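Trainee: Sequence:
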Amino acid sequence: MIIMKDIDTISGTKFIRRKDLTPLVRLEIAYKALMAITYGLWGTITELSREHEVSRTFIYSLASLLLESSTNIFSGVISKLNPNIKRVLFTPKSGNPKSWVEFVLCLILKGYCFENKII
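Counting in my numbering, the sequence shown runs without a single skipped number right up to 119 at its last residue.
Quick caveat, the hints were computed from the structure, so don't treat them as lab data. Owing to the predicted nature of the structure, the values given are computational and were not obtained by experimental measurement. All C-beta atoms in this analysis are idealised placements derived from N, C-alpha and C, irrespective of residue type, glycine included. Where hints are given, some of them may not hold.
[Claimed, not checked] Now the in silico label distances, taken between C-beta atoms and shown as ranges:
1. ARG17 / GLY40: 23 to 33 Å
2. GLY40 / LYS19: 27 to 37 Å
3. GLU53 / TYR31: 28 to 38 Å
4. GLY40 / ILE16: 30 to 40 Å
Please build the complete structure, drawing on both the sequences and the hints.
Mentor: Here you go:
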């Protein structure tokens, strides 16, 4: 039997945005979760959910959002940039072409990226 006060609880707000979970904390949670998923680390998602007192579903959604947004940012956006902006953003400070190649290789090796997604 459903009592009237139970109806208010059921139809009320399901989620409340917590002020202690700042965007930086959410980004950190998403990053840790994405790394755990990528490397197959068992128990990390549960540990994060207990540490921050959030649901595992919330953590998976943050990781998914981070993966989707980073994919959108780094796939093809560079090729659409104005050449002047490319020069400012992507020219190594030393001006040495060798350092540019080293930088790109570092991105490929450390980021597990494909060349065509970086260049």
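Trainee: Look at each hint and say if it fits the structure.
Mentor: Hints, one by one, checked against the model:
Take ARG17 and GLY40: their Cβ atoms lie about 31 Å apart, and the range 23 to 33 Å holds. Distance hint check: the CB atoms of GLY40 and LYS19 are about 33 Å apart, consistent with the given range 27 to 37 Å. Checked against the hint of 28 to 38 Å, the pair GLU53 and TYR31 fails, with Cβ atoms roughly 19 Å apart. Checked against the given bound of 30 to 40 Å, the beta carbons of GLY40 and ILE16, roughly 33 Å apart, stay inside it.
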